[in-house]
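Trainee: Two independent chains are provided; combine them into the complex using the hints.
Chain by chain, the residues:
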Amino acid sequence: NAGVMQNPRHLVRRRGQEARLRCSPMKGHSHVYWYRQLPEEGLKFMVYLQKENIIDESGMPKERFSAEFPKEGPSILRIQQVVRGDSAAYFCASSPFVLDHNEQFFGPGTRLTVL
Amino acid sequence: AQKITQTQPGMFVQEKEAVTLDCTYDTSDPSYGLFWYKQPSSGEMIFLIYQGSYDQQNATEGRYSLNFQKARKSANLVISASQLGDSAMYFCAMREATNTGNQFYFGTGTSLTVIP
Numbered sequence: 001n002a003g004v005m006q007n008p009r010h011l012v013r014r015r016g017q018e019a020r021l022r023c024s025p026m027k028g029h030s031h032v033y034w035y036r037q038l039p040e041e042g043l044k045f046m047v048y049l050q051k052e053n054i055i056d057e058s059g060m061p062k063e064r065f066s067a068e069f070p071k072e073g074p075s076i077l078r079i080q081q082v083v084r085g086d087s088a089a090y091f092c093a094s095s096p097f098v099l100d101h102n103e104q105f106f107g108p109g110t111r112l113t114v115l
Numbered sequence: 001a002q003k004i005t006q007t008q009p010g011m012f013v014q015e016k017e018a019v020t021l022d023c024t025y026d027t028s029d030p031s032y033g034l035f036w037y038k039q040p041s042s043g044e045m046i047f048l049i050y051q052g053s054y055d056q057q058n059a060t061e062g063r064y065s066l067n068f069q070k071a072r073k074s075a076n077l078v079i080s081a082s083q084l085g086d087s088a089m090y091f092c093a094m095r096e097a098t099n100t101g102n103q104f105y106f107g108t109g110t111s112l113t114v115i116p
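For the protein sequence lines, the chains are A and B, in the order given. The first sequence: position 102 = 102 (the numbering used here), numbered continuously. The second sequence: position 56 = 56 (the numbering used here), numbered continuously.
The hints are simulated quantities; they were obtained by calculation from the structure and are not laboratory data. One should not assume that every hint holds.
To be verified - Take a look, some chain A residues computed to stay more than 10 Å from chain B by CB distance:
hint: 1; residue: 2
hint: 2; residue: 11
hint: 3; residue: 26
hint: 4; residue: 41
hint: 5; residue: 43
hint: 6; residue: 44
hint: 7; residue: 64
hint: 8; residue: 73
hint: 9; residue: 78
hint: 10; residue: 93
hint: 11; residue: 95
hint: 12; residue: 111
Stated by the list, open to error - List of simulated lysine-lysine pairs, DSS-like, C-alpha gap at most 30 Å:
hint: 13; chain 1: B; residue 1: 16; chain 2: A; residue 2: 51
hint: 14; chain 1: A; residue 1: 62; chain 2: A; residue 2: 51
hint: 15; chain 1: A; residue 1: 44; chain 2: A; residue 2: 71
hint: 16; chain 1: A; residue 1: 71; chain 2: A; residue 2: 27
hint: 17; chain 1: A; residue 1: 44; chain 2: A; residue 2: 62
hint: 18; chain 1: B; residue 1: 3; chain 2: B; residue 2: 73
hint: 19; chain 1: A; residue 1: 44; chain 2: B; residue 2: 70
hint: 20; chain 1: B; residue 1: 3; chain 2: B; residue 2: 70
hint: 21; chain 1: A; residue 1: 27; chain 2: A; residue 2: 44
hint: 22; chain 1: A; residue 1: 44; chain 2: B; residue 2: 73
hint: 23; chain 1: B; residue 1: 73; chain 2: A; residue 2: 51
hint: 24; chain 1: A; residue 1: 62; chain 2: B; residue 2: 3
hint: 25; chain 1: B; residue 1: 73; chain 2: B; residue 2: 16
Don't be surprised by glycine CBs; every beta carbon is placed ideally from N, CA and C.
This is chain B alone, in the form it adopts within the complex (with noise of 0.2 Å):
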């Protein structure tokens, strides 16, 4: 089974709108991080949010909230007032704990493009 799916390729979003990237997963390790990642078209990795398995309340980092619902083992990514600046490939990731340290696993990324 995929440990992380994102089931959109590509998104559009109008300018000052909100946006909801999806992303689910799959662990039976009760302790778990996830991630979500920006990647402009420049190519770099850029570090947007996190949320820790116990963590009680949804992560928040300025306009990105992430959606987090742990039953369904969904951790949907919000973007509120987009910005042609957020047009990009978006990546969720989770990272497991393991005896020797991390392992890190990646979604195959939605492409969003906001429209003036």
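Pulled out of the complex, with its shape left as it was, chain A reads as follows (with noise of 0.2 Å):
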């Protein structure tokens, strides 16, 4: 059973340009949840999907940020018009919908750096 992967391990963007980041959850699990880790900081939440949902939202930036999680296929952290500020580690986590115990698994993240 594979764990939770994430690509591009490292992406570099210039100023201006979009930022396309991926992460396909563990087997068998619907719940996929997008982090952001500045420089010697804490993880931050950002938001958290289920299939072809948007659950919660509230830790994205209002602007230039959008996530998805389509039927098929991976989830998607797209970043429009990239900034220097928008470099950062990406973390994804997913788990499995059951209430009680869940650990959240994480992928190796992607490392964005904006030239």
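Mentor: See below:
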């Protein structure tokens, strides 16, 4: 059973370009979470998705950021017109929907560098 | 109010000694879970230990134990017999159940350095 997969592992973009980060959850997991970790800081929740549904996007910046988790395929975090402040590690985690004892399984992260 | 508070930005411990990393939490949800994760310099997040709000006993996983004090809303991580490989960032996290799923909150982390 493969773990959570994220690609690319490293992404370099110039200011103004778009960044697309992909996350494939563990098999059987229907919940995906995206977090951002700025250098020397902890994880900050961004968005929580189920298949075809955004459950909670309270941590997402209002502009330039969007996320989706289609019925087929990976979850995508899209950052449009990137700026230097978007440089960070972006982690995806998945979990099954079981009300008791849910661990989040983390992917290895995508490190975005904006030049 | 912060959902998860880790008040120790950095900690040092002598190799083979025990160390306690503090974590307090804030929730009104009667059913919640508490987690600790380790993030070494390589960057991945590694699950260490879990404690459910209804668990009567403190969770243990090898050299890791969670000192769960429900009335104080604290969930401190104890690492016994520290090893050099334990040097890493440690994050405390909490899961709250909602109508549509689970929400997770993370603390700001504690950087642990094990001294030979």
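Trainee: Would you mind marking each hint as holding or not holding in the structure?
Mentor: We went through each hint and held it up to the structure:
no. : hint          : result
1   : 2             : 15 Å, holds
2   : 11            : 14 Å, holds
3   : 26            : 13 Å, holds
4   : 41            : 7 Å, violated
5   : 43            : 4 Å, violated
6   : 44            : 8 Å, violated
7   : 64            : 23 Å, holds
8   : 73            : 20 Å, holds
9   : 78            : 22 Å, holds
10  : 93            : 8 Å, violated
11  : 95            : 6 Å, violated
12  : 111           : 7 Å, violated
13  : B:16 <-> A:51 : 46 Å, violated
14  : A:62 <-> A:51 : 22 Å, holds
15  : A:44 <-> A:71 : 26 Å, holds
16  : A:71 <-> A:27 : 14 Å, holds
17  : A:44 <-> A:62 : 15 Å, holds
18  : B:3 <-> B:73  : 11 Å, holds
19  : A:44 <-> B:70 : 25 Å, holds
20  : B:3 <-> B:70  : 15 Å, holds
21  : A:27 <-> A:44 : 25 Å, holds
22  : A:44 <-> B:73 : 21 Å, holds
23  : B:73 <-> A:51 : 34 Å, violated
24  : A:62 <-> B:3  : 22 Å, holds
25  : B:73 <-> B:16 : 29 Å, holds
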